[in-house]
Amino acid sequence: MTEKFESDAFTRSSTGAHDAGRTEERNENRKVRTAVEIAGVTLKNPVMTASGTFGSGMEYGQLTDLSALGAVVTKGVANVPWSGNDVPRIAETPSGMMNAIGLQNPGIDTFIRRDLAFLEKADTRVIVNVCGRSIQDYCETAERLSGEKRVDLLEINISCPNVKEGGIAFGQDPKCAMEVTAAVKRVAKVPVILKLSPNVTDIAEMAKAVEAGGADAVSLINTLTGMKIDIHRRTFALANRTGGVSGPAIRPIAVRMVYQAAHAVKIPVIGMGGITCAEDALEFLMAGASAVAVGTAHFRDPFASVKTARGIAAFMEEEGIEDIRELIGCVD
Amino acid sequence: MEAEKVFARALVLGQESVGTQIFSLLLEEKTVAALAKPGQFVSVYCHDRSRLLPRPISICEADPAAGTVRLVYRIAGEGTREFAALKTGDMVEILGPLGNGFPLEEAEGKRAFLIGGGIGIPPLVELAKRLPGKKQIIAGYRDELFLTQELSRRGELFIATEDGSTGTKGNVLDCIRENGLTADIIFACGPTPMLRALKAYAETEKIPCYLSLEQRMACGIGACLACVCHTTEKDEHSQVKNKRICAEGPVFEAGEIVL
Chain S
1 MTEKFESDAF TRSSTGAHDA GRTEERNENR KVRTAVEIAG VTLKNPVMTA SGTFGSGMEY
61 GQLTDLSALG AVVTKGVANV PWSGNDVPRI AETPSGMMNA IGLQNPGIDT FIRRDLAFLE
121 KADTRVIVNV CGRSIQDYCE TAERLSGEKR VDLLEINISC PNVKEGGIAF GQDPKCAMEV
181 TAAVKRVAKV PVILKLSPNV TDIAEMAKAV EAGGADAVSL INTLTGMKID IHRRTFALAN
241 RTGGVSGPAI RPIAVRMVYQ AAHAVKIPVI GMGGITCAED ALEFLMAGAS AVAVGTAHFR
301 DPFASVKTAR GIAAFMEEEG IEDIRELIGC VD
Chain A
1001 MEAEKVFARA LVLGQESVGT QIFSLLLEEK TVAALAKPGQ FVSVYCHDRS RLLPRPISIC
1061 EADPAAGTVR LVYRIAGEGT REFAALKTGD MVEILGPLGN GFPLEEAEGK RAFLIGGGIG
1121 IPPLVELAKR LPGKKQIIAG YRDELFLTQE LSRRGELFIA TEDGSTGTKG NVLDCIRENG
1181 LTADIIFACG PTPMLRALKA YAETEKIPCY LSLEQRMACG IGACLACVCH TTEKDEHSQV
1241 KNKRICAEGP VFEAGEIVL
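Chains as they are written, first to last, in the numbering used here: chain S, 1 to 332; chain A, 1001 to 1259.
Derived from the structure by calculation, the hints contain no laboratory data. Hints may be right or wrong, so weigh each one.
Claimed, not checked - Partial chain S-side listing against chain A, Cβ under 10 Å, derived:
1. 109
2. 297
3. 298
Claimed, not checked - Derived Cβ-Cβ restraints for the label pairs, each shown as a range:
4. 318(S) - 1144(A): 54 to 64 Å
5. 1234(A) - 330(S): 49 to 59 Å
6. 1081(A) - 235(S): 16 to 26 Å
From the three backbone atoms N, C-alpha and C, an ideal C-beta is built for every residue, glycine too.
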């Protein structure tokens, strides 16, 4: 029954999903090559989910086809469970939203037992996002995850703006960023992506610092720190006062930073920030990203990442591009 | 176990104003209508893409035979203002049904209070339709009444208004006391102060009490952890004292949550 409803859900959904369905038919005979490689790991296409917006894929997997994605990037996990912030944790902003979830997570034990077990069956790459309060925390979690064969890559979150010492302390200082990278690299047995904060003066400097620390790739941007006031209640819209702004509103900033980072380092750059569709994703690829992530857009459309992946293939076919690598960094 | 759900384009069959800033939207969506249980909600998406978060709206009525779902909501901002402009023949994207709904089986052989406050009243309509046994409905309004016909047809209706223009002057608990009402179980939806008072009342009366909570939501399906509430015990899913209102809720046994 579940499968029937899932297929119903897909065919019954928006015109957009119908478009995606047609794209799929078209792509059956396609000759385009969408696969990309990140630190020796091949992804069938460059589209991932952005950490924190997609859980571990269990919930969205009931509606959408995870195997259509290049990778699932999980919500951040720490060595122990974290309770997160008080509510309200989110607020809508023009063409975007703010969140201050506070990295609530069930801890590594439950994550391995439940979330990784679920992902075992998913035909996609698995990238586990790791958060921590200290270098020791990051290393403990990274080491545990390295022993799990389902984990293809780690993404180290040194950029969460919503918790004290929840990463941002590492993510705003090049020396600290390099140290945490080097420490994690010493214990990790799978390639390591460092997720960078946009809340810095010079993104290129941060990218270079983690590259020097041994990072295998960088991903950016995390959310931009913002604030919203509820004028009727005369208080902050979020319990945490500040939150991370995401969504289409931040996309031009993200494209600019991805371009800068891609020109500063030799390691692959994974681009994200306000991507809602293939056209948005292509901007990042052309700016130099080897892969992209769709995040906040899932809240407007549960199929956003899947449609983005299919739309990129359709674009390539229309434009007569045989290999996606022709597009990566083509705007210089 | 979460209910099955679909992301669908629903046809607007009609819309009418049922009070100041309060609208009743009738949608055709056969799967949602067939699956919906009282107390569940749907995420409704704006056409204007600059408003990207769906609005969670409780299901007022679901008719599986007709394939229709009725939503009654108040204009609370630009998103709901957009919904209020929907006309017959328009399409609107929805995701649902979401959440757990009220545990009807708990009311078996019991006398139930169905209590609603303000815009928490709409889900009581479908609840009253499907709940077996004797039920007394207590509805608390500021001043203007809505949905009273639908409610009085399916149970004994008692009304409280803040200004005393109809029924008891005061809140739903004032109404219960003034009318000397008693019950074996409570189902309620409304503002947090009302739910907090009912939780205390149920503890004093030593009767089970199920409360439907509200919180700002993003994904609506349990992935983003935006809409949590505090719990008295560690939750199995979160491994902390938090539950997801959209997934484990929105209906909780009063004793398991901290309000």
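Going down the list of hints, with the structure as the test:
1. 109: Where the cut-off is 10 Å and the nearest Cβ of chain A is about 8 Å from residue 109(S), the hint holds.
2. 297: holds, 8 Å
3. 298: holds, 7 Å
4. 318(S) - 1144(A): 54 to 64 Å: holds, 56 Å
5. 1234(A) - 330(S): 49 to 59 Å: Between residue 1234(A) and residue 330(S), where Cβ atoms are some 51 Å apart, the hint holds.
6. 1081(A) - 235(S): 16 to 26 Å: Holds - the Cβ-Cβ distance for residue 1081(A) and residue 235(S), about 23 Å, lies within 16 to 26 Å.
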